[in-house]
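Put chain D on the given structure of chain B with help from the hints.
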Amino acid sequence: MFLLLPFDNLVVNLLGISITVLFTLLLVFIIVPAIFGVSFGIRKVYMKTLLKIFQWATLRIERGAKEKNHPLYKPYVNGIIAKEPTSLEEEIKEIRRSGSGKALDTPEFELSDIFYFCRKGIETIMDDEVTKRFSAEELESWNLLSRTNYNFQYISLRLTVLWGLGVLIRYCFLLPLRIALAFTGISLLVTGTTVVGYLPNGRCKDFLSKHVHLMCYRICVRALTAIITYHDRENRPRNGGICVANHTSPIDVIILASDGYYAMVGQIHGGLMGVIQRAMVKACPHVWFERSEVKDRHLVARRLTEHVQDKSKLPILIFPEGTCINNTSVMMFKKGSFEIGATVYPVAIKYDPQFGDAFWNSSKYGMVTYLLRMMTSWAIVCSVWYLPPMTRQPEEDAVQFANRVKSAIARQGGLVDLLWDGGLKREKVKDAFKEEQQKLYSKMIVGSHEDRSRS
Amino acid sequence: QGPLGSAPVTSLLSLAVTSEQIEHLHRRFKQLSQDQLTIRKENFDSIPDLEFNPIRGKIVHAFFDKRNLRQESDGLADEINFEDFLTIMSYFRPIEMNMDEEQLDRFRKEKLKFLFHMYDSDHDGKITLQEYRNVVEELLSGNPHLEKESARSIADGAMMEAASICVGQMGPDQVYEGITFEDFLKMWQGIDIETKMHVRFLNVDTIAHCY
Chain B
1 MFLLLPFDNL
11 VVNLLGISIT
21 VLFTLLLVFI
31 IVPAIFGVSF
41 GIRKVYMKTL
51 LKIFQWATLR
61 IERGAKEKNH
71 PLYKPYVNGI
81 IAKEPTSLEE
91 EIKEIRRSGS
101 GKALDTPEFE
111 LSDIFYFCRK
121 GIETIMDDEV
131 TKRFSAEELE
141 SWNLLSRTNY
151 NFQYISLRLT
161 VLWGLGVLIR
171 YCFLLPLRIA
181 LAFTGISLLV
191 TGTTVVGYLP
201 NGRCKDFLSK
211 HVHLMCYRIC
221 VRALTAIITY
231 HDRENRPRNG
241 GICVANHTSP
251 IDVIILASDG
261 YYAMVGQIHG
271 GLMGVIQRAM
281 VKACPHVWFE
291 RSEVKDRHLV
301 ARRLTEHVQD
311 KSKLPILIFP
321 EGTCINNTSV
331 MMFKKGSFEI
341 GATVYPVAIK
351 YDPQFGDAFW
361 NSSKYGMVTY
371 LLRMMTSWAI
381 VCSVWYLPPM
391 TRQPEEDAVQ
401 FANRVKSAIA
411 RQGGLVDLLW
421 DGGLKREKVK
431 DAFKEEQQKL
441 YSKMIVGSHE
451 DRSRS
Chain D
1 QGPLGSAPVT
11 SLLSLAVTSE
21 QIEHLHRRFK
31 QLSQDQLTIR
41 KENFDSIPDL
51 EFNPIRGKIV
61 HAFFDKRNLR
71 QESDGLADEI
81 NFEDFLTIMS
91 YFRPIEMNMD
101 EEQLDRFRKE
111 KLKFLFHMYD
121 SDHDGKITLQ
131 EYRNVVEELL
141 SGNPHLEKES
151 ARSIADGAMM
161 EAASICVGQM
171 GPDQVYEGIT
181 FEDFLKMWQG
191 IDIETKMHVR
201 FLNVDTIAHC
211 Y
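In order, the protein sequences belong to chains B and D. Under my numbering, think of the first position of the first sequence as 1, with each following residue one higher. Under my numbering, think of the first position of the second sequence as 1, with each following residue one higher.
Pulled out of the complex, with its shape left as it was, chain D reads as follows:
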């Protein structure tokens, strides 16, 4: 019995990860879950390297975000199984040579959607000024010399720029509610993010394995 148990293998193979890579990931999953069938948020505490990352909280949160797990409902899952783990990892697979325009576009939208969900923490489909500020503060956190005001003004400035791209000139009474996903896509037009947001597996050779 393989690591996937009874999960339909076809749906996972559509993630275009090789079976060897799935084996690797499964071993990693078992290590993180300490041989249980599911992972909870606490399991990510056992990764020392992750402590460095300023947006650690958001990354871990992204694993449990039901919108990323392609589930119909909303909110946060308490625990995820290996299939969910692979689903999240699939957002980071690199572009393949044989993709056509439509596939590439879908690919890109998926990755951007993942990022959008990271910003949009209250799941209302908009990135508000407050949410933007949260992200900037988190990214700049850990620097004790940085005042909150600086982080805030950076966020405000960036948000204004986003507004100008999305809505153009605004009247003095107009309030910019927040960046919707369409606006988000607009901001990224012409920008090649697919090549930056992926993780590449090393080539593993195959010889003997006394297993």
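For reference, chain B alone in the conformation it holds in the complex:
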């Protein structure tokens, strides 16, 4: 027992020294740059190294599988059916033309019209557009995370070792580091904004508030090892505007807010989120709603309008899809934010799934599980495009305006522009949409029929 004592001291000393060194490194390389908004470029180097390793791993898998004659296939992201991109009208005309050879200017009902709907029906039974969007995007190469949709199977010793090493690094080195950073970031945010809240309103307060927010978001960005590329920063949202973006995960907020100073909109939560929200609103006017107020659309619209009309107030950040989508498409935008009449600044966010899947499937994972998954991924790589501002034209209504903005975002981000309501994840199809196709078809038939009976 006496022999242990000096050894004990040594261990304690070593521990103390290593912790100090770690924290100093943390401070110098991560926190100080975050405060000033500069970057050493460490993350970019990290990303390049990882890419090389992934390529090597994929080649190894290919080679290994060929040697063993495994049946292999690459999951095809866009579905298994070759869907022709023709519209209802074109197809029916085509079917009829190949059929009777009758004059096409008297379209009436024909037996062959049923083909189109029959085929479409079978296509959707084989492969459904909507449910595909809600599961995590499938990858084409393996990124050493066993959670990416494939079940890990022993291919070769080297690969297994590499994977094991990856697990070790991610869980034992990166995870504690990230948790420490996240903790620092959040506590600085809460204390910083509370302190700034005590200052009298004025330019000093605004300046400090802005920098406290930015600093803490930047620390959080580093806590997730998020490597973000911003494009077209000259289009960044200005005061009195609304910033809309597509929604993939709660991290979107951190990504956007670390590059700009926004007023957030949302529901007040309990727990840690609530504490953060209440602290933030002391320093600058965010728009938080009580749970009961969220249902009242007029109240929400009114408060947002008031905020927007005050030109000194910050641009509002809103995600009009209302729910998280898996970042391969953009779903229907809710029209509420587009009715207010302010300038809309669209932003497109696209994540690179190779390093870590950022999609939050809220029916599968809770928030804490999700954050842990994020913090044990390699990195989160994404691109943000700031699109030029848009305003509602006099001849379009809110829904058309919303769709226009949505198309712009989808086009820029390389996402598929879907008409579907993101809320479908949980609810069933609204009856109004059901009638869309049927109305179109019947317009074709009946319109002509009435013409004929009149003549």
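Treat the hints as calculated values from the structure; they're not laboratory data. Just to be clear, a hint being listed does not mean it is correct.
For the chain D half of the interface with chain B, some residues (derived, Cβ under 7 Å), not all of them [claimed, not checked]:
id: 1; residue: D49
id: 2; residue: L50
id: 3; residue: N53
id: 4; residue: I59
id: 5; residue: F92
A virtual CB, placed ideally from N, CA and C, is assigned to each residue, including glycine.
Just chain D now, with coordinates in the frame of chain B:
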């Protein structure tokens, strides 16, 4: 053990679907059946895209129609397994380059028979005026501005035309009972439906799959 379990693989391979495509379809089947071995009508409710389709009911019905399932008996099945699912899907496979005349003809007849069964809802082998009207009404349903009368008159007009093709001139006392399958085939003579009634699979490449 593959997805087909003990089902004889040869009979399914005659459907000329590749084994990869069978894998895809099997995964889809499992998704629809929620990992059970059979599908019931209710399982088709989980496909949001299908709600759009005006003849949704008839399409789902076609999956359970015993005539389509190549079973000897008649009527409706309560549930279908994966083999039945593949049987229905086989009605929609595209034409292959190496088919001869006889095969093409058989192919065509099968597809037309599938459509015929869709129209002939009471399984009596004839499409009556009422059944025709049902189909037209369903196709035009969902348009609240459309009166039932319009749909009806469209169906009547189309039926008369069908009668004239099949029977020629009818006397004033003659009653046209309904379109039989032979008449149905006659109506489609010279019309190239095989190219319209199929679903084409995309080419899936094969590389690594850590499975």
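Item to check | Violations among the numbered hints, reported as their numbers in ascending order | outcome: none
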